[in-house]
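Using the sequences provided together with the hints, build the complete structure.
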Amino acid sequence: MSFAFQLCLLVLFLLAGFGAPIAHSMIVAAVVYLAVAGQDMGLAAEQIIQGIYDSFIILAVPLFIVAANIMNEGTISDRLLEFCKAAVGRFRGGLAQVDILVSLIFSGMSGSAVADAAGVGKVTINMMIKSGHYTPGFAGAVVAASATIGPIIPPSIPMVMYALVSDASIGYLFLGGVVPGLLMTVSLMAITSRLAHKRGIPAEEVVPLRKLPGITFRALPALLMPVILLAGIYGGATTPTEAAAVAAAYALLLAALLYRAVTWQSLYNVFSESARSSASVGLVIGSALIFNYIVAVENVPNSIAALIAYLDLPAFSFLVFANLLFLLLGCVLDASTIILVIVPLFVPACRVLGIDLVHFGVVTVVNCMIGLITPPYGMLLFVINGATGIPVKNIVREGVPFFFALLVSLVLLILFPELVLWLPRQFGYQG
Amino acid sequence: MSATLRWLRARADNVATGLLAAMFLAFLVQIVSRYVFNNPLGWTQEVCLTTWLWLVFWGSAFVLDERDQVKFDVIYHWVGYRTRRIFALVSAAALFAGFLASFPASLDYITFYKIKKSATLGIRLDVVFSVYALFALAVIVRSALRVVHLLRGGSLADHEEVPTI
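Just so you know, the sequences run in chain order P and S.
Every letter in the first sequence is one number past the one before it in numbering that gives the first Met the number 0, and letter 353, counting from 1, is 352.
Every letter in the second sequence is one number past the one before it in numbering that gives the first Met the number 0, and letter 83, counting from 1, is 82.
Keep in mind the hints are simulated off the structure, nothing from the lab.
Possibly wrong hints are sitting among the right ones.
[As the list claims (entries may be wrong)] DSSO-like cross-link-like pairs, simulated, lysine-lysine; straight-line CA separation at most 30 Å:
# : chain 1 : residue 1 : chain 2 : residue 2
1 : P       : Lys210    : P       : Lys129
2 : S       : Lys70     : P       : Lys392
3 : P       : Lys129    : P       : Lys197
4 : P       : Lys121    : P       : Lys197
5 : S       : Lys70     : P       : Lys121
6 : P       : Lys121    : P       : Lys392
[What the hints assert, rightly or not] Reference excerpt, derived from the structure (chain P facing chain S, CB under 7 Å, subset only):
#  : residue
7  : Leu14
8  : Phe17
9  : Val30
10 : Ala189
11 : Ser192
12 : Ala248
13 : Ala314
Predicted model, so just to flag it, every value in this text is computed and none were measured.
Think of the CB as a built atom: it goes at the ideal place given N, C-alpha and C, for glycine as much as any other residue.
Structural data, given as structure tokens:
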């Protein structure tokens with residue numbers, strides 16, 4: 000590790016630790032590196048500009064953000080909610096189960112955990128609190144935990160980022176997320192059912208079966224969205240980036256024409272809000288690319304790979320080590336920072352050890368999503384706190400059983416790569 | 000925030016929103032043209048990438064405020080007010096110095112592209128890339144204002160009201 004690189008890391012940690020925006024800190028750290036290493040400082044601008052301008056796949060990120068915001072603006076989430084209430088409201092802890100099922104379906108349309116929690120999650124929290132059977136902390140914890148499913152079931156913004164830094168196929172990554180997403184859903188529903196029995200939380204009123212077809216029909220166009228997305232990508236018709244645009248267009252058509260729930264003003268607000276989120280995420284992606292350039296020049300990932308080969312570490316121990324590290328980092332760092340900056344350091348090591356990059360990617364994204372609900376830095380905790388005013392401390396306390404339920408899913412995914420790789424292989428994945 | 004600044008900021012927001020909408024529309028045109036009319040277009044792809052580049056830097060320069068940024072502020076919120084002031088001052092000064100020091104070289108890089116035009120629309124690439132210079136300039140001005148504000152004893156909370164530029 001050169002002196003310039005040590006200085007670069009020091010500046011990055013200091014600035015980020017002092018609360019400067021992560022993206023700006025990475026740019027300044029990169030400039031320090033270039034200056035000390037005697038290279039052209041314009042390289043920082045070059046890397047960030049070319050990184051954003053040349054990469055077509057990142058365009059999926061703003062498009063998925065638009066799609067999710069449109070769905071939250073229209074009545075699409077409401078219709079889904081009604082459908083899920085009819086489907087699982089009859090079980091103990093009905094509303095909590097409804098929330099988990101809504102998250103599962105919503106995750107098939109949106110690639111963002113935050114969109115899930117801030118949109119439909121906010122609605123289910125209010126319903127749970129109003130019913131009087133759930134403490135606000137419990138309601139917040141269920142929503143936070145279930146929102147983590149969002150980016151596991153395709154589409155997925157974090158998986159697009161992972162594909163960008165690892166060169167793994169987005170299509171297979173998306174497919175690889177399906178079974179893990181279902182696994183997380185099942186384990187969250189199981190723990191909710193157990194807690195509901197223990198606390199005597201009642202079921203919702205049973206929706207008569209004869210009403211079910213009508214409710215399903217009302218929700219059908221929304222339920223079709225995941226089908227359209229996946230058929231488009233795996234039928235080979237569209238690229239994942241185009242599928243993101245189709246998803247946004249479909250949501251817009253539904254909300255505007257079929258459900259007549261969008262006005263020009265609300266449409267403007269959706270695009271304005273999405274533009275902010277996109278710019279903020281885009282800047283982090285761009286500056287992470289400069290940083291990755293430096294890390295590559297310094298040969299860090301290959302040194303790590305060589306070290307791991309030298310230590311003769313079994314692939315499994317490496318996976319466990321990497322996951323423990325990501326879980327710890329997840330407590331203090333943003334998921335996109337981990338995926339864009341930390342994960343690339345380990346990708347060559349995976350290649351050396353023969354770890355499948357789709358398996359590693361899906362496991363990593365699941366891991367980082369758990370990081371969204373672990374304090375002190377848990378994005379979902381902040382979003383729910385911001386949207387509902389429920390204190391973070393209460394959500395965290397009630398969230399412990401859900402955290403363990405998700406952790407069990409993660410461990411299963413690490414132990415049995417088949418859970419991730421089975422579905423992609425059915426679609427011709429050679430890994 | 001003064002009325003003029005607020006007005007400017009609202010217009011900056013219009014531009015960012017328009018860029019995203021344009022990108023979205025270009026995508027739709029591309030998809031319809033390719034799959035419905037079986038006639039793949041080249042220019043739509045370029046519009047998407049150009050509007051995306053502009054959205055990221057324009058938005059970061061003129062639209063995002065402090066709370067929109069991705070940050071690691073656990074320590075920042077944990078320390079006392081005096082220490083927090085020092086943190087803020089050091090961050091702002093470092094951002095100012097870093098972006099200012101690399102500004103001439105960045106400008107060199109951008110202007111170098113005046114000889115090259117974009118692939119399908121033929122826009123000069125220095126024009127396309129100039130938005131990075133706008134962004135860097137905005138960071139320089141903003142962090143300079145913040146340093147001055149903090150050195151004069153201005154409070155941290157005030158800063159939340161200091162406009163993006």
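Taking the hints in turn, this is what the structure says about them:
no., hint, result
1, Lys210/P - Lys129/P, "holds, 24 Å"
2, Lys70/S - Lys392/P, "holds, 20 Å"
3, Lys129/P - Lys197/P, "holds, 20 Å"
4, Lys121/P - Lys197/P, "holds, 25 Å"
5, Lys70/S - Lys121/P, "holds, 24 Å"
6, Lys121/P - Lys392/P, "holds, 18 Å"
7, Leu14, "holds, 6 Å"
8, Phe17, "holds, 4 Å"
9, Val30, "holds, 4 Å"
10, Ala189, "violated, 32 Å"
11, Ser192, "violated, 34 Å"
12, Ala248, "holds, 6 Å"
13, Ala314, "violated, 31 Å"
Of the numbered hints listed earlier, those contradicted by the structure are 10, 11 and 13.
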